[in-house]
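Numbering (my numbering), first residue to last: 25 to 318.
You may find that some hints are simply not true.
As the list claims (entries may be wrong) - Here are the simulated lysine-lysine pairs, DSS-like style, with alpha carbons at most 27 Å apart:
#  : residue 1 : residue 2
1  : K132      : K69
2  : K34       : K132
3  : K212      : K69
4  : K317      : K110
5  : K294      : K69
6  : K294      : K212
7  : K308      : K294
8  : K69       : K110
9  : K132      : K308
10 : K285      : K34
11 : K317      : K285
12 : K159      : K212
13 : K317      : K69
14 : K285      : K110
To be clear, the hints were calculated from the coordinates, so they are not data collected in a lab.
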Amino acid sequence: MDGNLNGELKGKIIIVTGANSGIGKATARQLADLGATVVLACRCKERAEAALCELTCVDGRCFDLMMLDLADLDSIRAFAAAFAAKYDHLDALINNAGILGRHRAQTKQGFEQSFGVNYLGAFLLTMLLLPLLEKSEQGRIVMMSSVAHAWGDVRFDDLNFTHGYNRFAAYGHSKLCNLLFTRALAEKLRARGSRVTINAVHPGIVATDIVVNRANGRFRWVASLMKVLFMTSDEGAKTSVYLASDPALNRVSGEYFYRCKIEPSSEASKNLASANRLYDVSLKLCDLPDPLKS
């Protein structure tokens, strides 16, 4: 895997969502080892505190734990407000958290959970934190996409999968939305001369607990098998860390990365008209004025 992971991050403030396990925890660890202050944005307090205890076992690492539920737009707004009250800028936001639903379920505001958590929650968090990212010398946003983005097109007529729900289709749909948001926001930031960049990443086929049912532990055997066959979380985290840290990427925005290199993506993911339409729809769904027009 190429990419310079030796960027000096001392004094940098970076948020990693879903940082209590898997790729998120590995990402947080690697960023802290490069000198960053890493804000662990997590939903489950018990698991987050356990992760914090593990991560802080090495002297010199700096972490801050803040609670965030991406399935609740009110929680996202509260997190953004609390962060802004505590920090005067943000150097990087890594939208790592994600879910692969087993059955169709809804977020607190009634969105299909893959769309609501993987995409819309990350969209709102990014837009709310954008003013603090613009106060950074080189603000960076990393969106978690996947090769699954290529499984279809945006379902503008049924974003919430009320018809024909399939867990894998819904997951791929959310990852396509993340990539389209990356394209749209990159263009808008570029047009206003902003130094903030946004890129998307496919972490690879990584052995994580995303397939495990948190409530009853079902499918843990699948996760165990994945650990034998696929990439480790540390390997999967490297591209996100690269995108957040490497000075060579200061002017790179709107791209899709895999193994620290720009990769081709689906034709649907390159449709700027769809990207801008999704951006506008998302603002309405979040009842959010466009911060780029203020």
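Between K159 and K212, is the straight-line Cα distance small enough, at 27 Å or below? Status holds; Cα separation ~17 Å.
For K34 and K132, compute the direct alpha-carbon distance and say whether it is at most 27 Å. violated (37 Å)
Can the restraint linking K317 and K285 be considered satisfied, given a maximum Cα separation of 27 Å? violated (32 Å)
Hinted pair K69 and K110, Cα distance within 27 Å: Distance ~19 Å between K69 and K110 Cα, so the pair holds.
Given the hinted pair K317 and K69, is their Cα-Cα distance within 27 Å? violated (36 Å)
Can you confirm whether the C-alpha distance between K317 and K110 stays at or below 27 Å? holds (26 Å)
Take a quick look at whether K285 and K34 sit within 27 Å of each other, Cα to Cα. holds (25 Å)
Take a quick look at whether K285 and K110 sit within 27 Å of each other, Cα to Cα. violated (35 Å)
K212 and K69: Cα distance at most 27 Å? Status violated; Cα separation ~36 Å.
Quickly compare the C-alpha distance for K294 and K212 to 27 Å and report which way the hint goes. Holds, at roughly 15 Å.
Straight-line alpha-carbon gap K294 to K69, limit 27 Å: violated (38 Å)
Restraint check for K132 with K69, where alpha carbons must lie at most 27 Å apart: holds (18 Å)
Hint check: violations occur at hints 2, 3, 5, 11, 13 and 14; the rest are consistent with the structure.
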